[in-house]
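Student: Numbering (my numbering), first residue to last: -19 to 111.
It is worth saying that the hints were derived from the structure and are not from the lab.
You may find that some hints are simply not true.
To be verified - In silico DSS-like pairs for lysine-lysine, Cα to Cα no more than 27 Å straight-line:
#1 K43 x K69
#2 K55 x K77
#3 K43 x K77
#4 K23 x K77
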Amino acid sequence: MDLVYQKEIHVTEEHIDKNHHVNNVQYVHWVEEIAGEHWDSLKHKTEFAEFAWILVDHHIQYKKQVFLHDVITVKTYPKPPEGIKQPRKVEFYCKDKLVVDSDTLWVLVDLKTQKIKRLESDWLDNIFEES
């Protein structure tokens, strides 16, 4: 299995702000949404299916504007863990051009104990070897 998860988003009125382009806050929502969808598609392959990812840091660079009726392709993939933090990249493309670039850091939390789980550095390899 490929590390990359992607989907298309059709820009509608609800995504547009008073400046007539996709609202910056909307991108943060999409970052969280696609990361959650990706995890939901993989968690059954792990021992952490009952755990949740919590976003602890995000950096977004806006490169180009996106407008009503545009179609965005969103791609995300995890990067190697950094201690207790799991980096994730999220990229937004419109008409094959990178329009928004996001680097995020997440921690995995045991929902029963509310404790952060430190993952082994190769934990991603284990998931994708089984695919």
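Student: Please go over all the hints and tell whether each is borne out by the structure.
Tutor: Structure-based check of all given hints:
1. Distance hint between K43 and K69 is fulfilled; the C-alpha atoms sit about 15 Å from each other, no more than 27 Å.
2. For the hint pairing K55 with K77, the CA-to-CA distance comes to about 12 Å; that is within 27 Å, so the pair holds.
3. Taken as a hint, the K43 and K77 pair is honoured in the structure, with Cα atoms around 9 Å apart against an allowance of 27 Å.
4. Distance check on the hinted pair: K23 and K77 sit about 31 Å apart at the alpha-carbon level, beyond 27 Å; violated.
Checked against the numbered hints given earlier, this structure breaks only hint 4.
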